[in-house]
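Based on the provided sequences and hints, a complete structural model is requested.
There are 2 protein chains.
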Amino acid sequence: MRSLRVVQWGLGAMGGMMARLVTEKEGLNLVGAVASRKEKVGHDVGKVIGLGRETGIQVKDDILDVIEESKPDVVLHARNSFLSEASPEIRQCIMHNVNVISIAEELAFPWATSMEEARELDGMARSHGVTVFGTGINPGFVLDLLIVTLTGVSARVDKIEAKRINDLSPYGPTVMRSQGVGSTPEEFYQGIKDGSIVGHVGFIQSIHMIARALNWSLDEVVENREPIISNVLRKTEFAEVKPGMVAGCRHIASGKVKSEIRIVLEHPQQICPDLENVETGDYIKITGVPDINLQIVPEIPGGIGTAAIAVNMIPFVCEAKPGLLSALDFPIPRSLKCIGD
Amino acid sequence: MRSLRVVQWGLGAMGGMMARLVTEKEGLNLVGAVASRKEKVGHDVGKVIGLGRETGIQVKDDILDVIEESKPDVVLHARNSFLSEASPEIRQCIMHNVNVISIAEELAFPWATSMEEARELDGMARSHGVTVFGTGINPGFVLDLLIVTLTGVSARVDKIEAKRINDLSPYGPTVMRSQGVGSTPEEFYQGIKDGSIVGHVGFIQSIHMIARALNWSLDEVVENREPIISNVLRKTEFAEVKPGMVAGCRHIASGKVKSEIRIVLEHPQQICPDLENVETGDYIKITGVPDINLQIVPEIPGGIGTAAIAVNMIPFVCEAKPGLLSALDFPIPRSLKCIGD
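Listed in order, the protein sequences are those of chains A and B.
Here our numbering is used: the first residue of the first sequence is 2, the next is one more, and so on.
Here our numbering is used: the first residue of the second sequence is 2, the next is one more, and so on.
Treat the hints as calculated values from the structure; they're not laboratory data.
Please note that the accuracy of each hint is not assured.
Computed far set for chain B versus chain A, every beta-carbon distance over 10 Å [to be verified]: (1) A14; (2) R38; (3) E162; (4) T175; (5) G196; (6) V279; (7) E280; (8) G324; (9) D342.
No farther apart than 27 Å at their CA atoms in a straight line, the calculated lysine-lysine pairs in the DSS-like style are these [claimed, not checked]: (10) K164/A / K257/B; (11) K164/A / K164/B; (12) K286/A / K243/B; (13) K160/A / K338/B; (14) K338/A / K259/B; (15) K338/B / K164/A; (16) K41/B / K286/A; (17) K322/A / K160/B; (18) K164/B / K338/A; (19) K338/A / K160/B; (20) K286/A / K164/B; (21) K338/B / K257/A; (22) K236/B / K259/B.
Cβ-to-Cβ under 10 Å is the rule here; a few derived chain B residues that face chain A [stated by the list, open to error]: (23) E27; (24) V143; (25) D220; (26) V223; (27) N232; (28) L234; (29) T237; (30) F239; (31) I333; (32) K338.
Here the structure is a predicted model, which is why all the values come from computation and not from measurement.
We put the beta carbon where it would ideally sit given N, CA and C, even for glycine.
Right, here's the structure in full:
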């Protein structure tokens, strides 16, 4: 089987990880890379992503040039979270007849927020004979795909409650701000109001994906963001939280079906949860026949998990029928073999 | 969408559960039932499976008559564990152009033990335009499908170790005998030798399924069965185990890849594990990048879990391309909606 030709679009922390993984996997061939930051453009991608060797591929700043030159089977898109930004970029790839895998959170189940846009992307992808797919650890795996998979052994599902408790300590100032870390409770609520504190992007997508899989008709999804107020001093390289200040955002979303709350997803994100004896992990509780209680402790790390599933899905996406697809349309994911393994 | 017409073949404990589930699910229609035990034949299936109502469907003893009369989309086959017994029965259904879902353990990945037979079943299914699929909780889910799914977020997989620890206490005399419960250690080893004590049927299938998914080329699968010797008195309705006697079978299987053990599956089955502080559960440990540690405590119950996944897969099997398929070929499983839900 010939190698699949992959272009990496976006070379930030996530995009860099994805590009590295592509070079490590059997059957994949990194043929191009696009970055927007000037200091990366013009250099060998091997240097930019820390491969420790030259690849002969120069980082460019124009996706269309790169597509034209390198004729990829798929573009890995890692540039933004929201459809409003991701869609115009994905459309460029579709117009040039290239499959797209994106880690934009809203693309994991775009029908949730933007039915119209999803229909247009789907129609466009079909008419160009390509597949568009959004994935990631969450949305895309822990709080949706894994839950749906578990219901495969359910005779009846009454309620789904799941939590992903993680530790923001390794992250930089942008994440700290978007989760309200280090703010006062008043500043936190103000940030929620003005949109500068967002919490998790992906609950609506996960809840709609679960509901679609179970054929439940959702009345509404309600989201709630509360400050996690620290009782102790918490410190990281980029944040300091005194007792009484905000260590992160407890973001909860509920899905109502026939006026009853049947899906509750929770994703509290904070720095140093261990200082208050909070154990990080992924927790899924399905009430039904049978009850199922799953935990993954510690949680599956978000960065490498997202990069891995995006790369692991490449062969499936290249083989799939054309259109805008979701995790519900693909075979169970699996790890691609590494070179030399 | 029209309802899918389902015939249940086999009305033992498992088959009865499956038939009941079919009657509870939207989009499925139980149109026939076949039993071999005389006391069930001729009665309304609703009575035989404890539905608490008549269905108008009489239990018959001849599968071909039932297929002829009821024109099913799929036969649910729940009669045996081994391909040598299941295959001739499944071939009858294929010859009559009916899809088959079987809970025969060896059919969960028949290429593992019987490449020739698997090829023949596949060819026959293709030429008759039907799909044949083997499933269940294990093999079929906990120690294979779920493991493979988790590797979807793996950048690299070095080793897989998984355990399913369950409690045999509710089971009857047949299961007690096949796991050696109540025997002396000497009788246990004798039973292993003469084939009367079998342990778990399914390890070879699970290990081959995982290896196929990860594109690992297996050298060999080694199985080992040891007696679980009780330190305390354990008693159930059908068994009594004095200290020093056998409470069950610790069955372990390893898959070697390039002379290295990279898959280890363990399924100790015993009565009253709680009496020696053994917690039942499903445990999966993936060593790699990242490490993943999953537990489901208590374990997903085997009976209802097997019935559920067999029934939940019906729409996928009826829509699939023809041939002999495995869990690796289907979209992620999911629970079918119950009537009135």
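Checked hints:
no. : hint            : verdict
1   : A14             : 14 Å, holds
2   : R38             : 24 Å, holds
3   : E162            : 15 Å, holds
4   : T175            : 23 Å, holds
5   : G196            : 30 Å, holds
6   : V279            : 18 Å, holds
7   : E280            : 12 Å, holds
8   : G324            : 14 Å, holds
9   : D342            : 8 Å, violated
10  : K164/A / K257/B : 36 Å, violated
11  : K164/A / K164/B : 24 Å, holds
12  : K286/A / K243/B : 37 Å, violated
13  : K160/A / K338/B : 13 Å, holds
14  : K338/A / K259/B : 14 Å, holds
15  : K338/B / K164/A : 24 Å, holds
16  : K41/B / K286/A  : 38 Å, violated
17  : K322/A / K160/B : 33 Å, violated
18  : K164/B / K338/A : 24 Å, holds
19  : K338/A / K160/B : 13 Å, holds
20  : K286/A / K164/B : 20 Å, holds
21  : K338/B / K257/A : 16 Å, holds
22  : K236/B / K259/B : 44 Å, violated
23  : E27             : 7 Å, holds
24  : V143            : 8 Å, holds
25  : D220            : 14 Å, violated
26  : V223            : 21 Å, violated
27  : N232            : 28 Å, violated
28  : L234            : 29 Å, violated
29  : T237            : 21 Å, violated
30  : F239            : 23 Å, violated
31  : I333            : 5 Å, holds
32  : K338            : 4 Å, holds
Figure legend: structure checked against the earlier numbered hints; hints not met, in rising order: 9, 10, 12, 16, 17, 22, 25, 26, 27, 28, 29, 30.
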